[in-house]
Amino acid sequence: MSTHAPRLDYFRQSADLSKKYMDFGMAFRMDKGLAVLVDIRASQLNGCAFCLDMHVKQAKMHGERELRLHHVAIWHESPLFTPRERAALAWTELLTHIPAEGVSDAAYAEVSEQFSLEELSELTWRVAAINGWNRMNVAVRNVPGSLDKMFGLEKAGLA
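No gaps in the numbering here: position 103 of the sequence shown is 103 in UniProt numbering, and each next residue is one more.
No lab work stands behind these hints, which were simulated from the structure alone. Just so it is clear, the structure is predicted and the values come from calculations on it, not from any experiment. Among these hints, one or two may not hold up.
[Unchecked claim] Subject to a maximum C-alpha distance of 25 Å in a straight line, what follows is the list of computed DSS-like cross-link-like pairs (lysine-lysine):
#	residue 1	residue 2
1	149	32
2	32	20
3	32	19
4	149	60
5	20	149
6	19	149
7	60	32
8	60	155
9	32	155
10	19	155
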């Protein structure tokens with residue numbers, strides 16, 4: 001575990017905004033298993049140790065298989081993900097690292113094959129939400145596991 005202290009406590013310094021962003025994050029209706037895969041992949045790409053730690057623990061609490069958690073980073077080559085999960089992971093990568101030319105019609109068509117318009121809208125908001133959390137936690141250097149008790153993540157048994 002890292003020995004550095006967070007630069008600031010945005011839950012305390014911006015309590016109202018933090019609560020509203022948390023409420024936004026809790027409003028998603030999408031499948032929890034799929035949501036946590038999206039959160040894990042974006043957190044890997046963004047180098048957010050705090051969020052990666054949190055979402056791996058959430059995934060274990062939701063019954064995700066350990067091997068699949070290890071394979072999220074290599075999902076392109078892994079046979080362990082469904083076409084729907086693969087589409088969500090591809091969309092997550094695309095929106096996390098938006099190319100200079102933007103989102104192609106081909107990429108949109110691929111993800112649209114797996115998700116209804118409503119589902120795709122929610123998936124897109126999910127990617128935006130986790131990218132925001134990643135940026136906050138990377139900026140302030142929140143320590144992985146430091147809020148486990150607050151979020152009930154000690155139940156994952158991964159400490």
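Each hint, compared with the structure:
{"no.": "1", "hint": "149 / 32", "result": "20 Å, holds"}
{"no.": "2", "hint": "32 / 20", "result": "20 Å, holds"}
{"no.": "3", "hint": "32 / 19", "result": "21 Å, holds"}
{"no.": "4", "hint": "149 / 60", "result": "16 Å, holds"}
{"no.": "5", "hint": "20 / 149", "result": "20 Å, holds"}
{"no.": "6", "hint": "19 / 149", "result": "17 Å, holds"}
{"no.": "7", "hint": "60 / 32", "result": "11 Å, holds"}
{"no.": "8", "hint": "60 / 155", "result": "9 Å, holds"}
{"no.": "9", "hint": "32 / 155", "result": "17 Å, holds"}
{"no.": "10", "hint": "19 / 155", "result": "23 Å, holds"}
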